[in-house]
Amino acid sequence: MAKWLTGASVTEPPDVILLSSLRGNAQTLFERIENFFDAFFGGTDNPLRHLGALGLYFLWILVATGLYLYTVLDTGIEGVYNSIGYLSREQWYLGGILRSLHRYASDAFVLVMMLHLVREWAYGRYYGFRLYSWVTGVPLIWLAYVSGIGGYWIVWDRMAQFSAIATTELLDWLPFFNGATARNFLAPDTINDRFFTVLVFIHLIVPLLLLLGLWAHVNRISRVDFLPSRRVMLATLISFLALALIRPALSEAPANLALVATDLPLDWFILFIHPLADITSPAAVWTLVFGATILLFALPFLPHPKAQPIAVVDAANCNGCSRCHADCPYEAITMTIHPDKPGHKIAVVDPDLCASCGICAGACPSSTPFRSQEKLVTGIDMPQQPVDVMRQQLEAQLAKLGGATKLVVFGCDQGVDVRGLAAADTAAISLICTGMLPPSFIEYALRSGVDGIVVTGCREGGCDFRLGMEWTQERLAHQREPHLRNLVPQDRLRLVYASRSEGEQLAAMVKEFKTQLATRLVTSNRPPAYSRRKIHHG
Amino acid sequence: MAKPAAIVGQIILYSAFAAFIGYFATAPTYKQIPDDVALIKLSMSHLGGRECRKRTAEELAKLPPNMRAPLECPRGRSDIKLVLELDGKPMFETVMHPTGLSKDGVSTVYKRFEVKAGDYQISVKMNDNLVNPGFNYVKEAQVTLKPAQVLVIDFNPDKGGLFFQ
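Chains as they are written, first to last, in numbering that gives the first Met the number 0: chain A, 0 to 537; chain B, 0 to 164.
One or more of the hints may lead you astray.
[To be verified] Derived DEER-like restraints, expressed as beta-carbon distance ranges:
#, chain 1, residue 1, chain 2, residue 2, range
1, B, F19, A, S321, 44 to 54 Å
2, B, V7, A, L397, 26 to 36 Å
3, A, L130, B, I10, 37 to 47 Å
4, B, L129, A, T189, 23 to 33 Å
5, A, F271, B, L85, 27 to 37 Å
[Claimed, not checked] A few chain B positions that, by computed beta-carbon distances, are all more than 10 Å from chain A:
#, residue
6, A17
7, D78
8, V94
9, D118
10, Y136
11, V149
Source of the hints: derived by calculation from the structure; they are not laboratory data.
Computed from a predicted structure; not experimentally measured.
Cβ coordinates follow ideal geometry from the N, Cα and C atoms, glycine included.
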């Protein structure tokens, strides 16, 4: 049970614990599936870890193919059916394939959009500093469905007829529409050319609104994953192309309002709402739709774990280097003129955007344990786990270490609980996020007599704070400031990607590394020993 | 995982993704009504009647010249009563209310009924001004409904009132 209580402490109210428990189960399920996928794809190419980017990629396919379809579309009542049908029959090698891509990309878009929604909920990414992204995402679901359903009407075949009638019957239940919308589809002579002109216009405007909404949706995060990796893009495109050739998107028979359109090969991703209305009622469907929408909007305001304290800037120790600004995954840090140091800048934290991840503290060059002050004060720090406390923790655990091979494991509160790995010869320190670890702590531990260091955090693409592990990996590989100094031998360091449920695998890797160190498979020397000179400030 | 095994795994998973998308994009087939069923759609949008009073010569004289309309009509419209019978048996009966805050808009109804294909005697009666008793519009006909056929019952004064289509 305790394993499932992600983010909720036992002091939280029962309803918070219940919600966290539900979420935790969903999160565990997602993690297991993602880990399974990782075995084949790796983190960077795992589609499940990049659902938002994948959705945006599918949207670009929709825009590109849609532009072509728009150029050949004749908006006359008969022309609309014939012009689209021509593509599938006579120009199958181009227009037909593009039409199929348009169809399958839209289905895939809906699928990844819904998976993205459930996944973000499962990982608890819907409240606090993420409230804005969550709330701006909800209307996008409506826009996607309006666009998808409207797109089916344009073909004006039996499927379009069925969807148009079913949709208007659903709309007519609402007081605003007053029961007259479905009358537009009563008989063949009730439809005219202008209807399709309006329809195409709507089918252009709504996706544009969707793109605008997406811009707002990702507006508050930095280094947005706009597209998935090339391999993922290529593989999904090949999947759609294969579908286009094996099962091309074709029109049904032309619409005929004098006959009921039945026996339809329904697109269940987009048009499922029509059978749902048939087997229940318009009232039930609208209750479900509006209820779900209200619930999604209300979710961030329901009880959830309390927000953690945000990063705090210490003006005296901030030299305005901007590394925290560059590394913040949520654009919560801006640089402004330093009040006390002429010509310098100072970091300013936006409380609404700060995720309390501590990645900024890991980026600060002042966060080095080698500093001689008794109380280590850095430029930007986390009140709940200051760098000074990290140093005290490390020094206290190092002092207790015994055995022939000493190890320190740095972990992350969002990943495997590393505290379980603590032993007589192993120190274990858990941080808010692994990205909070200044590389100098690794050097400090090695120079204090430790034989090896394990740094672990979430899997690639699975970092709870988006960029923590990416920045850590780059810092340790000397690709990002503050980098690990060259005098630290890389073979005494292990960077392990492990999700929350992979405690056993991590323990096995730690054991294996310890054996390597003990059997001298690791040949490098430790960096020169160092003992911190302590200065007491009055 | 060894690279060849990973590639095979990726191919299998992407194929499963494509198969899932491809299948549910067109299947299972949805049957809205059974094969031997036809649809009767009763749909009309009509402005109910109202009782107007002829102004007297004195009343007209008191009005400004540009407002001397011979009839004084209330803004609100009457409810509309509608009865649908199939083979002499009542199938649907309603009183449609005018829309709008002042009850001056059209009254609308839209209902669909699934019936077995076959021959039917259909009767529709409408009273669009409930101040008067009875029905001022009546339409009766013997119809043969084929499977999946849609029979529309509508109202249009220009087409003689109630009509079947």
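Quiz prompt | Status of the stated non-contact between V149/B and chain A (beta carbon gap over 10 Å) | solution = violated, 6 Å
Quiz prompt | Pairwise beta carbon distance, F19/B to S321/A, judged against the given window 44 to 54 Å | solution = Holds, since F19/B and S321/A (Cβ atoms, about 46 Å apart) stay within the stated range.
Exercise. State, for the Cβ atoms of F271/A and L85/B, whether the hinted interval 27 to 37 Å holds or is violated.
Key: holds, 33 Å
Self-check item: 10 Å Cβ clearance of A17/B from chain A
Solution: Given a closest Cβ separation of 4 Å, the condition is violated.
Quiz item: Taking the closest pair, is the beta carbon of Y136/B still more than 10 Å from chain A?
Solution: The claim holds: Y136/B sits with its nearest Cβ about 18 Å from chain A, beyond 10 Å.
Practice problem: Starting from the hint 26 to 36 Å, judge whether the C-beta atoms of V7/B and L397/A obey it. | Solution: For V7/B and L397/A the Cβ distance comes to about 47 Å; the hint is violated.
Self-check item: I10/B and L130/A - C-beta distance against the hinted 37 to 47 Å
Solution: Roughly 40 Å apart at Cβ, these two residues keep to the hinted range, so it holds.
Quiz prompt | 10 Å Cβ clearance of V94/B from chain A | solution = Non-interface label on V94/B holds, nearest chain A Cβ at 14 Å vs cutoff 10 Å.
Practice problem: Could you let me know if the closest chain A CB is still more than 10 Å away from the CB of D118/B? | Solution: holds, 18 Å
Exercise. Given the range 23 to 33 Å, decide if the beta-carbon distance of L129/B to T189/A lies inside it.
Key: Since L129/B and T189/A have Cβ atoms about 29 Å apart, the given range 23 to 33 Å holds.
Quiz item: Is D78/B truly not at the interface, in the sense that its beta carbon sits beyond 10 Å from all beta carbons of chain A?
Solution: holds, 15 Å
Consistency with the previously given hints fails for numbers 2, 6, 11, ordered from lowest to highest.
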